[in-house]
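*Asks:* Chains as they are written, first to last, in this note's numbering: chain A, 3 to 722; chain X, 1253 to 1340.
Note that these hints are calculated values from the structure, not bench results.
What you were told as hints is all true, and nothing was included just to trick you.
Estimated spans, in silico, between C-beta atoms of each pair:
{"#": "1", "chain 1": "X", "residue 1": "E1281", "chain 2": "A", "residue 2": "T260", "range": "48 to 58 Å"}
{"#": "2", "chain 1": "X", "residue 1": "P1271", "chain 2": "A", "residue 2": "I696", "range": "44 to 54 Å"}
{"#": "3", "chain 1": "A", "residue 1": "G541", "chain 2": "X", "residue 2": "P1271", "range": "37 to 47 Å"}
{"#": "4", "chain 1": "A", "residue 1": "H45", "chain 2": "X", "residue 2": "E1254", "range": "32 to 42 Å"}
{"#": "5", "chain 1": "A", "residue 1": "E425", "chain 2": "X", "residue 2": "E1281", "range": "37 to 47 Å"}
{"#": "6", "chain 1": "X", "residue 1": "N1334", "chain 2": "A", "residue 2": "R35", "range": "29 to 39 Å"}
{"#": "7", "chain 1": "A", "residue 1": "E425", "chain 2": "X", "residue 2": "G1308", "range": "34 to 44 Å"}
{"#": "8", "chain 1": "A", "residue 1": "A101", "chain 2": "X", "residue 2": "R1314", "range": "27 to 37 Å"}
Using N, Cα and C, we set each Cβ at its ideal position, and we do this for glycine too.
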Amino acid sequence: MRIHIIGMGIVTALGSGLRSNRDALLENRSGIRPLTLFPTVSHHPLPVGEINLPGGADNFPRTHRLALLAAEQAMANVKAAPDAVIMGVTTGGLSSTEALLRKQISDPGMYRCHATGSVAEEIARVYDCHGPVLTVSTACSSGAAALKLAQEMLRSGKAQRVLAGGADALCRLTYHGFNALQLIDPDGARPLDADRRGMSVGEGAALLLLAANEPDRALAEILGAGLSCDAYHPAAPHPEGEGARAAMQAALNDAGLTPADIDYINLHGTGTRDNDMAEARALTTLFGNEMPLLSSIKGASGHSLAAAGAIEAVMSAISISEGVIPANTGCRTADPALNLKPILAPVRKPVDVVLSNSFGFGGNNASLILGSPGRRQVRKTKAGTRTLCVMGHACVTGAGRTRATMAAIASGKACAGVLASGEIAARLSPAQVRRLKRFPRLALALAMDAYESAGDGKPPEAVFMGTGWGALSETSDFLERLFETGEQFPSPTDFVGSVHNAAAGQIAMQFKARGANLTMTGGDYSFEQAVAAAELMAGECRDGIVVVGADEHHERLSPLFDGSVARTRACPADGGGALYLDNSERASAPRIQSLFFESCRKDTDVRSVIRSAIDTLPPFEGRYGIILAGLPASCRKKAEHQLQILLEVSGFNGAVVDYRKYTGEFASASAVAVVMAVDLLMKGCIPASFGNGIAEVLGSKGALVVGMGDHMTAIEVMNP
Amino acid sequence: MEKLINELQAKIVDVLNLPDVEPQDIKPEEQLVGGRLGIDSIDVLEMVIMIEKDYGVKIDSRELGVKVFASLKTLAEHIHSNVSGQTN
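Starting from the given sequences, assemble the full structure and let the hints guide the process.
*Replies:* Below you can see the structure in the form of structure tokens.
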């Protein structure tokens, strides 16, 4: 199968649209200027890649507006709705949230666009996408990672067209956070320069409409992509660039190419001393003396974080279609220690194959390979998808860890609550958790418990994390101290911890898991997204996989961000669940598979959406002994209605458990539900407390975990 | 100087949340970063902010940081010779 790019949109500090960005590249122009977007205490605001964005009447946060602009360009000549939307986003509505928090606005309605996932949701709404809407949040590699998932979704046949990319807007958290890390060059980024002192934070968005086998409309092709994790440090890259090399190698393998096939490398090249050095070492290891032409455009565009990977994918496609190699803007004298020769002025030259790198906090690396349409031999399609077997499982709720939670549920008791932090971290060493607040502690403890419950498995190679809201404590503490100290003394530790993927980075370090490492942030469906991502990436994982869903309750922020928490303030709850998965197909282990992920915006569509979703599936009755249903309090009525129709259409009349009544309201409660399903299957019976008053034997029947509300999802857990 | 060293010991343990470390365990002459105490680059930046906030002394380049954070003693000396009189 060939993955064609049939539409592209781009908004950067260099301009809006393909033409203005191309012109900027040809003119070697920089868009980096002192910040004007928000006032700073300092009289000398730092240089940034800021976009002159006309004020929107729609009140959307800046990230959303940038993404919508890019989407409009990418979809300009397309009428059909995309089958899926996959976005890389890290700041989401934070630029607006910061201003609201500072003014101490306490109306949750004002924060409705805070979620990173709300950017993709809005795009899906505008372009009427009814399929999966996924959000990747792996810091600076998010946009590239989103394109990798899109590529795998097309290859799997689950979609024919996917609208994918990345978006991030400038905000106080990233502006002050990177400065607190001393990673900002006060003179503007000059990647690879001998005197470079850091990056320039930027903003932007790029979206690509990817299609399976549509050569007639193709602007370029995605030939392959690779993910890896350093598993080394929360913020600094592996000094030898080991993870970067692994991601590039994975992308080459995926594309069926060798280093000699690459014409041009679009570097990650942020301009920080360590990043550029690590990337240079990785390149030297991989390419040796046969170094292709290379440059970083971040001295022109700034580093637009989650958008960067997608922006640079579009720039790579421009490079191919226009036959131009962009300059390494800002670099005057290349650092001899890097031993690279960046292109210092734009070069007109045919370009066939481009490698584009994006590396991020948490050691999350992604490399993409783009090619001119139709000119390259494409790799053979991989053999089918893997069966994922649940070798280990664990959860945390207010009742305690796995055993305590399952015992409470089996006896019909609710387990909702907020477990004491000490109990969560009981097995983690004090040195390991000294900088970790509630969310990363939850995530790390869950991953370790799930792995341990597997008994004798190899340590996991890949990590898939789902979280609705991420590191709320770190985010809140960072902003609070930023505001309290007049923007002067924000905490670097909290900044590093605030990124959504910090927890998955900790898990990777714990297990030395150097494979794919993805954090998915899609509100109440985040864990479902993590499972979907794991399925898409499973073919590339040799060893085990951990999939974790977790959320922390934060007294101040949770009720502002999560509508379900706002409605149940009196009973705060948090926790999560984790699975250790393997594809060894060991006879006794339950199998997990996601069946559908649909968007349902109109109540009148429910029946037809459900009917088409379950039409292709085996009959529910006889196959499942129990349905565990997620009915978030924020959209309870709608969700109940959907569930009723699902039961009606499927003809299922077994036990149905409204699991949030047990777990309480938090975004990743579905992770606990999936763990419940696994536990029920392993015990072989449904406790009397679930519905009918008498214990039932499950026999060969499985369990179905469904999510209702803005999306309708289903994951089945079956005995072999 | 000794008062400053004692003050810094307490602040470092507190700010970095060092487990099982008492203030007096941070020896003035001992390697401060990358050694026995488990202090790393993020901790250094956290200390940079603390020192600027509490003593008004900026350490804004890595080259300077390497010298200043060599040990608790070098840190105290740097603060002592750069502090502008008033501290909070």
